[in-house]
Amino acid sequence: MIGGLRITNTNGDVQAAARAAARAASAEYSTDAAASVASRVAAGALADRGQACSDLGVDVQGDLTAGSVVVVTVTCTVELGDVVLAGFPGTTTVSGEAVEYVDVARGGQ
Amino acid sequence: MTVPDNNRDRGSVMPMTTVLIAFLMISAWSLISASQQWGARRDAYAAAAAAARAAAQADPASLRFGAIVDEVMATERAEAVLAAAGYQGSVVVEGESVTVIVNAAVEYAFPSPGFPSEVTGTATAVARRGVNGDEGG
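Going down the list, the sequences are from chains Y and U.
Counting from 1, position 77 in the first sequence corresponds to residue 77 in this note's numbering; the numbering is continuous, with no gaps.
Counting from 1, position 137 in the second sequence corresponds to residue 246 in this note's numbering; the numbering is continuous, with no gaps.
One chain only, chain U, in its complex shape (with noise of 0.2 angstroms):
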């Protein structure tokens, strides 16, 4: 008759809440560093959108002959939108159609090594008679 050895386990509960512990650090880690990113494309379309909608309108000289968005104008607006925002980016003018590209780096609250340290975000805005026009990204 054997001598049921209740020490068996002793020490094993130890490794398991370490493991456990770095699986809700990690957890924890990966879920703030991708919704930071995702707060950081999110701002970055933001100030896109902001920006072709600031250009993607004629001035009241141009509106006698349609709504022409004039490039050099458009470029102006979106581009001080975007300073005004603290951001940098390209605009592309299309006839009525103004596309803002904003290049963004993203500031971490750990390092995320694996994480994008930059994003982008692009919006489009079309000048149109009345307040109908498309914003996308």
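Isolated chain Y (complex conformation) (with noise of 0.2 angstroms):
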């Protein structure tokens, strides 16, 4: 049971660190630093809220031309030794997506 509620309690964290991570990802203007920001924000926004993800993984999909869509996948292990039977898996990965669009007008580099 606290298993159970740890994960929908990971998963709500894990989709809100992807959609602070695509905000930040559809504000910089190449992939690099799209797939840098999104990773920062991402790892700040879950240890924000206390997640400890003892395997984190970000994704950014899409291109960062005005008008475009971006993708951003947030990937988190979640430790489950201490909390569930022996024969249960002691770690599952919850995920999370966002989509944010990238402003049709920007400003300049």
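Note that these hints are calculated values from the structure, not bench results.
Hints should not be assumed to be uniformly reliable.
Computed, partial: chain U to chain Y, Cβ under 7 angstroms [said to hold, decoys possible]:
| hint | residue |
| --- | --- |
| 1 | Ile141 |
| 2 | Gly148 |
| 3 | Ala155 |
| 4 | Ala159 |
| 5 | Gln166 |
| 6 | Ala193 |
A virtual CB, placed ideally from N, CA and C, is assigned to each residue, including glycine.
Grab the two chains, each in its own frame, and use the hints to assemble them into the complex.
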């Protein structure tokens, strides 16, 4: 029961991190910068919410030209070893995806 | 003088244990189902908010005439975001305000009679000069 609630709670935090990362990524001008800032923002958002992912992955898809769509996927491996019974997996991976639109009118670099 | 019947409670633990386990299982089921429902509601709202933000902006041509939202372009932008997020919804443009309503099916881990099979997320964004805008559900 605690494990199930931990997964659903983590799912909400991962979704929130993905949304924050997507918004940050959509403000960048290059894919490298977008990937970098998305990772940083997602890690910060999860840390702020007290989520410790044993493995954190952030993937940014889409281009950053004005009027495009950016999709950010965050995956977080959650430790369940302290709450599950023997025989059940000790970790599970939770993922969240968020979509953000690159503004039509953008300031110059 | 009567002899105490020490076996009087024999067998009474089992029904209590059964009731307790049933109570815990029902609690877990309702908590998880409620969490999934709220998660779906939150995600639908987030998609609606992203779509509304995308829609409520003026393109460079219309900026020359003020922050005017083009209804057709705004709807296209909102629908592009919803499609990328895997949702469908309706877009209402009123002047510089765009409201997006998203209906999303809820995927429960367990059969959940009594819980809604679909939830709605509504968000509004308003095009303004600068970075100020309203967003709410």
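Quick rundown of the hints versus the structure:
1. With 7 angstroms as the threshold, the beta carbon of Ile141(U) comes within range of chain Y, its nearest partner Cβ sitting at about 5 angstroms, so the hint holds.
2. Taking 7 angstroms as the C-beta cut-off, the interface hint given for Gly148(U) holds, the closest approach to chain Y being about 6 angstroms.
3. The interface hint given for Ala155(U) holds, since its Cβ lies 6 angstroms from the closest Cβ of chain Y, which is under the 7 angstroms cut-off.
4. Here the hint on Ala159(U) is kept, as its CB sits about 6 angstroms from the closest CB of chain Y, short of 7 angstroms.
5. Annotation: interface hint on Gln166(U) holds; nearest CB of chain Y at approximately 6 angstroms, less than 7 angstroms.
6. Because the smallest distance between the Cβ of Ala193(U) and any Cβ of chain Y comes to about 4 angstroms, under 7 angstroms, the interface hint for this residue holds.
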